[in-house]
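Participant: Order-wise, the sequence lines are chains A and B. 16 is the number that the numbering used here gives to position 16 of the first sequence; each next residue is one higher, with no gaps. 1026 is the number that the numbering used here gives to position 26 of the second sequence; each next residue is one higher, with no gaps.
Derived from the structure by calculation, the hints contain no laboratory data. Among the hints, a few may not be true.
What the hints assert, rightly or not - Cross-link-like lysine-lysine pairs, in silico, DSSO-like; alpha carbons within 27 Å at most:
#1 Lys1042(B) <-> Lys1078(B)
#2 Lys37(A) <-> Lys1057(B)
#3 Lys56(A) <-> Lys38(A)
#4 Lys56(A) <-> Lys37(A)
#5 Lys1083(B) <-> Lys68(A)
#6 Lys54(A) <-> Lys38(A)
#7 Lys54(A) <-> Lys113(A)
#8 Lys71(A) <-> Lys38(A)
#9 Lys113(A) <-> Lys5(A)
#10 Lys37(A) <-> Lys1042(B)
#11 Lys1083(B) <-> Lys1057(B)
#12 Lys56(A) <-> Lys68(A)
#13 Lys1042(B) <-> Lys1057(B)
#14 Lys1057(B) <-> Lys5(A)
#15 Lys5(A) <-> Lys56(A)
#16 Lys71(A) <-> Lys1083(B)
#17 Lys1083(B) <-> Lys1042(B)
#18 Lys1042(B) <-> Lys38(A)
#19 Lys1042(B) <-> Lys113(A)
#20 Lys71(A) <-> Lys37(A)
#21 Lys56(A) <-> Lys1083(B)
#22 Lys1078(B) <-> Lys1057(B)
#23 Lys71(A) <-> Lys54(A)
#24 Lys71(A) <-> Lys5(A)
#25 Lys5(A) <-> Lys68(A)
#26 Lys37(A) <-> Lys54(A)
#27 Lys68(A) <-> Lys37(A)
#28 Lys54(A) <-> Lys68(A)
#29 Lys37(A) <-> Lys113(A)
#30 Lys71(A) <-> Lys56(A)
#31 Lys38(A) <-> Lys5(A)
#32 Lys5(A) <-> Lys54(A)
#33 Lys38(A) <-> Lys1057(B)
#34 Lys1042(B) <-> Lys71(A)
#35 Lys5(A) <-> Lys1078(B)
#36 Lys1078(B) <-> Lys71(A)
Listed here are the chains, written in short residue letters.
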Amino acid sequence: DQQVKQNSPSLSVQEGRISILNCDYTNSMFDYFLWYKKYPAEGPTFLISISSIKDKNEDGRFTVFLNKSAKHLSLHIVPSQPGDSAVYFCAASEGTEYGNKLVFGAGTILRVKS
Amino acid sequence: EPEVTQTPSHQVTQMGQEVILRCVPISNHLYFYWYRQILGQKVEFLVSFYNNEISEKSEIFDDQFSVERPDGSNFTLKIRSTKLEDSAMYFCASRGTGTHEQYFGPGTRLTVT
Chain A
1 DQQVKQNSPS
11 LSVQEGRISI
21 LNCDYTNSMF
31 DYFLWYKKYP
41 AEGPTFLISI
51 SSIKDKNEDG
61 RFTVFLNKSA
71 KHLSLHIVPS
81 QPGDSAVYFC
91 AASEGTEYGN
101 KLVFGAGTIL
111 RVKS
Chain B
1001 EPEVTQTPSH
1011 QVTQMGQEVI
1021 LRCVPISNHL
1031 YFYWYRQILG
1041 QKVEFLVSFY
1051 NNEISEKSEI
1061 FDDQFSVERP
1071 DGSNFTLKIR
1081 STKLEDSAMY
1091 FCASRGTGTH
1101 EQYFGPGTRL
1111 TVT
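Pulled out of the complex, with its shape left as it was, chain A reads as follows (with noise of 0.2 Å):
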């Protein structure tokens, strides 16, 4: 089950620099979209989410754009910190009433250096 995608494993940037993480979808049903971020041995964290009746949410230094024709949404994060490290999940849902379950991607490896 692929319908959810995060092709780079790993990403390494410098202090104060932008980060990108990227995801892909193949599922047009998906409606809502979720990035969170896990430090080991904890639990994802909430981030930042996204419509798709919308093409850019903002919060702080996380914004998430989102292309639906492209099926792909990306998280920025300007500027990097070091605390930044961590893995990053992307997540969508389907709007149903009840259920709303996630479907999470491999996560991407975020390494900030200073």
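Got chain A; can you put chain B on it based on the hints?
Facilitator: Frame of chain A; chain B shown alone:
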């Protein structure tokens, strides 16, 4: 800030034994979930629960698994007869009404020997 809690943080059990993983969701949330992550693999959906019943379950969630909300605060996942392949991190999550964001607990590491 409200958070999802899970106990125990680590459970070691022998194959064939029953385990119960416990979760306390965020207090005003009504939608509850269990996910698991086998080492090196994706986070996978197991089951969703709303209004005291299962709303959706995955193929993984077979007859060996059950969920329960025994009181107003706890949400449990029971595995009746554990197998080696059940070894994984199990995450509980909850969601508020009218939102899509699910909030995850810290996880229980289940090791089946």
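Participant: Is it true that the CA of Lys71(A) sits at most 27 Å from the CA of Lys38(A)?
Facilitator: It holds: about 24 Å lies between the C-alpha atoms, which stays within 27 Å.
Participant: Take the C-alpha atoms of Lys71(A) and Lys54(A), compute the straight-line distance between them, and say whether it is at most 27 Å.
Facilitator: 13 Å, holds
Participant: Is it true that the CA of Lys5(A) sits at most 27 Å from the CA of Lys1078(B)?
Facilitator: Violated - the C-alpha atoms of Lys1078(B) and Lys5(A) are around 30 Å apart, more than 27 Å.
Participant: What's the verdict on Lys68(A) and Lys37(A), does the C-alpha distance respect the 27 Å limit or exceed it?
Facilitator: Holds. Lys68(A) to Lys37(A) sits at ~23 Å (cutoff 27 Å).
Participant: Please work out if Lys1083(B) and Lys68(A) have their alpha carbons no farther apart than 27 Å.
Facilitator: 41 Å, violated
Participant: Against the 27 Å threshold, does the CA-CA distance of Lys5(A) and Lys54(A) hold or violate the hint?
Facilitator: 20 Å, holds
Participant: Are Lys71(A) and Lys37(A) close enough, with their CA atoms no more than 27 Å apart?
Facilitator: 21 Å, holds
Participant: Does Lys37(A) pair with Lys1057(B) here, judged by a C-alpha cut-off of 27 Å?
Facilitator: 25 Å, holds
Participant: Take the C-alpha atoms of Lys1042(B) and Lys1057(B), compute the straight-line distance between them, and say whether it is at most 27 Å.
Facilitator: Within the cut-off at roughly 17 Å; holds.
Participant: Are Lys1042(B) and Lys38(A) close enough, with their CA atoms no more than 27 Å apart?
Facilitator: 12 Å, holds
Participant: Do the alpha carbons of Lys71(A) and Lys1083(B) lie within 27 Å of each other, as the hint requires?
Facilitator: Roughly 38 Å between the alpha carbons, so the hint for Lys71(A) and Lys1083(B) is violated.
Participant: Please work out if Lys1057(B) and Lys5(A) have their alpha carbons no farther apart than 27 Å.
Facilitator: 22 Å, holds
In summary, the numbered hints that this structure violates are 5, 7, 16, 21, 35, 36.
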